[in-house]
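Each of the two chains sits in its own frame; use the hints to bring them together as a complex.
Chains Z and Y, in that order, give the protein sequences.
When we follow our numbering, the leftmost residue of the first sequence carries the number 1, and every step to the right adds one.
When we follow our numbering, the leftmost residue of the second sequence carries the number 1001, and every step to the right adds one.
Calculated from the structure, these hints are not laboratory results.
In this text the structure is predicted, and so the values were computed from the model without any measurement.
For glycine and all other residues, C-beta sits at the position ideal for the given N, C-alpha and C.
Among the hints, a few may not be true.
[Said to hold, decoys possible] Here's a subset of chain Z near chain Y, in silico, CB distances under 8 Å, partners left out:
1. Ala98
2. Ile105
3. Pro106
4. Ile108
5. Ala121
6. Ala130
7. Phe131
8. Lys245
[Stated by the list, open to error] Pairs of lysine-lysine residues, derived as DSBU-like cross-links and limited to a Cα-Cα distance of at most 30 Å, are as follows:
9. Z:Lys191 with Z:Lys206
10. Z:Lys206 with Z:Lys88
11. Z:Lys173 with Z:Lys85
12. Y:Lys1006 with Z:Lys245
13. Z:Lys88 with Z:Lys173
14. Z:Lys173 with Z:Lys191
15. Y:Lys1006 with Z:Lys191
16. Z:Lys173 with Z:Lys120
17. Y:Lys1006 with Z:Lys120
18. Y:Lys1006 with Z:Lys206
19. Z:Lys206 with Z:Lys85
20. Z:Lys191 with Z:Lys85
21. Z:Lys88 with Z:Lys191
22. Y:Lys1006 with Z:Lys88
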Amino acid sequence: MKSKASNIGFIFFGLIGILPFFAAFIYALLYSFGMVGAANSGFTTEFWVSIWQSGAFLRSLVYSTAVAGTSIIISVSLALWLTLKFRKELEVPFLSFAMYLPLAIPGIVAAFFTFQLLAKAGFFSRIAYAFGWITEARQFPDLVNDPYAIGIIATFISIVTPFFLLLFLNVYKNERVEELAQLSQSLGANKQQTVWRVSLPVLLNKTWTLIGLYFIFLLGAYEVPLILGQESPQMLSVLIIREIKQYDLSRLSEGYVVAVIYTVIVTTAAVLLFSRKNDVRHEG
Amino acid sequence: MKANWKLFFLGALVILVIFPFAYLLLLSMASEWRFPALWPSYFGLRNWEQVVSSETGLISSFFVSTAISTCVATMATLI
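Just chain Y, with the same shape it has in the complex (with noise of 0.2 Å):
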């Protein structure tokens, strides 16, 4: 009994972990989504298709970040 509920428990604190990123991955996926709905109307990769598309400075900022914490982790470290 006591191992049933150390079990549950330990469940629930991992589906309390994933929750968020897979959340994210829906909301990123999602348009259209109105209150009151449980579920978007449109399901898809069209968000992500327009980030890619039209948001120019994408890579460069994704490069610029790895740049930063790359110099940043090394420096400390170092120091």
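Here chain Z stands alone, though its shape is the one from the complex (with noise of 0.2 Å):
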């Protein structure tokens, strides 16, 4: 009864999940090589040749790895450090409901209100203004659609903190963190050789699929990059809209090319993180 339940579920999954999944790849991919189109009139590799010599697909890739990067990284250390530090302190009720609240904002929103306050008209550069330190608008820095993305990289790390707080603060109880490390306190290491040797190996065995993933996730963002980028580089997504959205019908087809590659890379490298999870498993 319980296989046949499972079946249903696999089934569905299959038809919900991975189905449309397939379908739109494939006919991306038709898209790509001019199969599909008013536009298009056969197989043709041109719109390939044409997005790899213009390089504005690795420029993207390279511009959206950096910032993903970053902001995981910071969010993940921020995370960790709150987590050994103020981890009794965050289980006060009240606390631990304030660290709920910023994921029930959404990315958009979010984007809005870093763009509010650190645009050049923004609340920051008021306050800046006041104190005397500016005397126009364009005098303050570029904090937001800037060349080193802070606006989005802020944005993410407002978003993606507070999930990882709250998934370390849940695999610190789980696993029994506290007693490990008094353990290993009580065999003769200090508190540095416990943060380093027991606890934060612990909280990252547990947790980093889900980190990989939240880096794929950022990768793909959409409406934080669109609101907060620059014109060039664009963050991933927002070039593949700007090319599949754009009036010109023969310029579809370079943006399917970039949807086609970027799908083929997040894919392999979401199959690479779970395999190795498997294999770890396995191994234990």
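Structure (structure tokens):
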């Protein structure tokens, strides 16, 4: 009975989760080779060559990886530090509720909020003016739509850190890291050794797949870089949508080329992540 | 001293979490807020009244969003 129910679940997962994704991928692949689409006349590799020669995709990939990587490293470090330093205080119901609150903010609202704070005529610029640090709006540094993606990274950190904090707090409790730390100290380890050799390895070992998945999620984020990103290079999803939505039908196929490469990279990364996780389980 | 430092930090963290909600509420009630004014020249419910009276699709999009998220959550949990 149980296996029948799980079979139905698997079929549903295939129909709803895998089939549309697979169909969309095939459609994008055919479009990228000119085999589908009103403006295309048959098989060609010119769109692939054009994307490769323009370098837009590669720039965008490096830029997205750098932005997502920086955001994840800062968020995870911050969440780990808060977990190890404030875990007891964060058990207070009000504080744990306050930590949940940012998870309720959608990405687009968070991006809008960051823009209102960091733009040249934003909240911080007004404060700088009131203190006499600047005399006109344009003297305020570029913190949104800037080349270093400061606005995007700040928004990602504010969205992602609460999630990792809650994750690490749960793992800390479930994996009995407190007891392990006490044990290591009773065996002669000092505080630093306990943190670096016991607490951090246990926390990271149990969560690195999720950290990897979140990195992939940020790599493909759309709304935040759309509002806070610069014109070029753009993050991958913004680049894909820009290419697909433009009026020039002949360039539609180039958008699909970028979409196909991106899908292949992300799917490969996800498969590698999960296969390595399974290997670790088998070894364990 | 150590406890004070922790208390101060946690207080700052709570303010950091609550500030976006308060600031967005302020933005929704503010208008004619030009640079470099620190406070809007109008503060009241005008924007809210305008949205409620003129935006015809607001309630329907709220229901569509609720329906989609309920459906996705239910299906994902069942599967």
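Taking the hints in turn, this is what the structure says about them:
{"no.": "1", "hint": "Ala98", "result": "holds, 5 Å"}
{"no.": "2", "hint": "Ile105", "result": "holds, 7 Å"}
{"no.": "3", "hint": "Pro106", "result": "violated, 10 Å"}
{"no.": "4", "hint": "Ile108", "result": "violated, 12 Å"}
{"no.": "5", "hint": "Ala121", "result": "holds, 4 Å"}
{"no.": "6", "hint": "Ala130", "result": "holds, 6 Å"}
{"no.": "7", "hint": "Phe131", "result": "violated, 11 Å"}
{"no.": "8", "hint": "Lys245", "result": "violated, 21 Å"}
{"no.": "9", "hint": "Z:Lys191 with Z:Lys206", "result": "holds, 21 Å"}
{"no.": "10", "hint": "Z:Lys206 with Z:Lys88", "result": "holds, 21 Å"}
{"no.": "11", "hint": "Z:Lys173 with Z:Lys85", "result": "holds, 14 Å"}
{"no.": "12", "hint": "Y:Lys1006 with Z:Lys245", "result": "violated, 50 Å"}
{"no.": "13", "hint": "Z:Lys88 with Z:Lys173", "result": "holds, 11 Å"}
{"no.": "14", "hint": "Z:Lys173 with Z:Lys191", "result": "holds, 19 Å"}
{"no.": "15", "hint": "Y:Lys1006 with Z:Lys191", "result": "holds, 18 Å"}
{"no.": "16", "hint": "Z:Lys173 with Z:Lys120", "result": "violated, 44 Å"}
{"no.": "17", "hint": "Y:Lys1006 with Z:Lys120", "result": "violated, 34 Å"}
{"no.": "18", "hint": "Y:Lys1006 with Z:Lys206", "result": "holds, 27 Å"}
{"no.": "19", "hint": "Z:Lys206 with Z:Lys85", "result": "holds, 19 Å"}
{"no.": "20", "hint": "Z:Lys191 with Z:Lys85", "result": "holds, 12 Å"}
{"no.": "21", "hint": "Z:Lys88 with Z:Lys191", "result": "holds, 17 Å"}
{"no.": "22", "hint": "Y:Lys1006 with Z:Lys88", "result": "holds, 11 Å"}
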